[in-house]
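Residue numbers (my numbering), protein chains in the order written: chain A, 13 to 120; chain B, 13 to 120; chain C, 13 to 120; chain D, 13 to 120.
Simulated from the structure, these hints should not be mistaken for lab results. C-beta: ideal position from N, C-alpha, C; glycine also. One or more hints might be untrue.
Quick partial rundown of chain A residues pointing at chain D, CB under 8 Å, derived from the structure [what the hints assert, rightly or not]:
1. 13
2. 25
3. 26
4. 29
5. 32
6. 33
7. 69
8. 70
9. 71
10. 74
4 protein chains.
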Amino acid sequence: MNANYKACLEACFTCLEACNICFHACLKEEHPEKMTKCIELDRECADFCSLAIASMQRSSAFVKEIVSICATVCEACGYECKKHDHEHCQKCADICFRCAEECRKLTA
Amino acid sequence: MNANYKACLEACFTCLEACNICFHACLKEEHPEKMTKCIELDRECADFCSLAIASMQRSSAFVKEIVSICATVCEACGYECKKHDHEHCQKCADICFRCAEECRKLTA
Amino acid sequence: MNANYKACLEACFTCLEACNICFHACLKEEHPEKMTKCIELDRECADFCSLAIASMQRSSAFVKEIVSICATVCEACGYECKKHDHEHCQKCADICFRCAEECRKLTA
Amino acid sequence: MNANYKACLEACFTCLEACNICFHACLKEEHPEKMTKCIELDRECADFCSLAIASMQRSSAFVKEIVSICATVCEACGYECKKHDHEHCQKCADICFRCAEECRKLTA
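Next comes chain A alone, as it looks inside the complex (with noise of 0.2 Å):
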C-alpha cells in the first residue's frame, strides 16, 4: 500500500468509529429531535470514509476521487456536529475536521 496514504487512512479509520458512536449516542439523547441532522450526517460519513479506507487499502485507481468527496462530507457533519454539547458531537466534528484535513492533504 502507498506510505502516502498511512496519515489519512488513521484519519478515516477514527472518524468512522467517531460517526458510528456519535450515530448510536444522539438516537438515544433525551432529545434526539434535534440530532436529526446529525444522525443523517454520521451515517453519510460513516459511509465516505468506509469506502475511502478500502480505496486505499485496494491501491485504487479512483482514491483521489473519492477522498476529495469524502474531505467534503466530513466537513458538512464538522459543522452539524460542532453545533451541539453533547461530548460525543463534539469529539466526533474534531475528528471529522482532523480527517477532512488529511483528505485534502491526499488530494492537494
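Got chain A; can you put chains B, C and D on it based on the hints?
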C-alpha cells in the same frame, strides 16, 4: 448466478430500498423522537440486505449464513416498523416480513 | 425519494449485479490471469454503485458528487470489460456504459 | 461503545486491512491464476469484517450474530492464504486467524 437466489435477491433489493426510504422519512417526521428504534433498525436492515445481495450475486460460500441473519434482522425491523402508523413504516414492515420469508426459504 | 433518481437507481442496481456476476465469473475463467484488471474494476464499480444507490435512496445531500464519480468508475470498468470476449464481460460492459450515461444525466 | 468490543474491533480493523492489501497484491502476482480462491476470500472477509466493525461501533443488537459468521469467514480466508508462500498471504493468514479468535471470544 444460482437461479434459486432470484426471489430472495429481489426481496432484498426491495427491502434495502424500503429501509433506506423509511430511515430518511423517519428523520423528517414531526416527532422523530418516537422513531429512534425504527431509524436504528432501518440502517441495520439495509446493511444486512446489502451484504446478502452482494453474497448472492457473487455466489459466495457464505450465502446461507448471511441470509439467515438477514432474516432475523428483517423481522426485527418489520416488528418495529409495524408499530408506527406512517405509510413508509407500514410499507417497510410488509416488505421486511416478505424479505425475511424469502431469506428463510433459501436457508430451509 | 426524488422521482428523478428512478432511472439512475435502476441502472445502478443492474450495474451492481452485472459487476458482481462478472467478478465471480472472471475468477472462474480458464485464464483468470488475463482478467485481473477486470476483476479489480468489477469490485470498484460494485462498491461505487452500492454507495450511489444508498445515497439516492436516502436523499443524501451528496448524490451529485457520488453519482459523478460513479460515472467515471462505470466507464473505466466498461472499457476494460469491453476488451474481453466472455459473454459476462460484454454484458457487463454494456450495462456499465448505460449506468455511466444515467449517472451523467443526473449530474448534468 | 461496549468496552468488551475493543480487542475484537481492533482485530477486525487489522484484518480488513490485511485482506484488502492481500486482495490487491494477489491480483498483481506473477501467477494470479493460482490466487483466485484467495482473491475471492479476501473480498468476502473484508466485507464481513467491515460489517462487524460497523455493528460493534454502533452497539448493534446483532453483534453476536455477525461476529460469529465473521469468525467463520476469517478462518476460511486464513486457511486459503496459509497455502501460499507470498509474504502478504502469510501475513494475512495470521491476522485472519487472530481475528477469528477474537470474534470467537466475543461470542463465547
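Hints, verified against the model:
With a least beta-carbon distance of about 6 Å to chain D, the hint placing residue 13 of chain A at the interface is held under the 8 Å criterion. At about 6 Å, the closest approach between the beta carbon of residue 25 of chain A and any beta carbon in chain D falls short of 8 Å, and the interface hint on this residue holds. At a threshold of 8 Å, the smallest CB-CB gap from residue 26 of chain A to chain D is about 11 Å, leaving the interface hint violated. Because the beta carbon of residue 29 of chain A sits about 5 Å from the nearest beta carbon in chain D, less than 8 Å, this interface hint is met.
Using the Cβ-Cβ criterion of 8 Å, the hint placing residue 32 of chain A at the interface with chain D is satisfied: the shortest such distance is roughly 3 Å. The beta carbon of residue 33 of chain A is positioned within 8 Å of a beta carbon in chain D (closest approach about 6 Å), and the interface hint is therefore held. Look at residue 69 of chain A: its Cβ gets to within about 3 Å of chain D, closer than 8 Å, so that hint holds up. The interface hint given for residue 70 of chain A holds, since its Cβ lies 5 Å from the closest Cβ of chain D, which is under the 8 Å cut-off.
The closest approach between the C-beta of residue 71 of chain A and any C-beta of chain D is roughly 5 Å, which is under the 8 Å cut-off, so the hint is satisfied. With a least beta-carbon distance of about 13 Å to chain D, the hint placing residue 74 of chain A at the interface is violated under the 8 Å criterion.
Hint violations for this structure: numbers 3, 10, all remaining hints satisfied.
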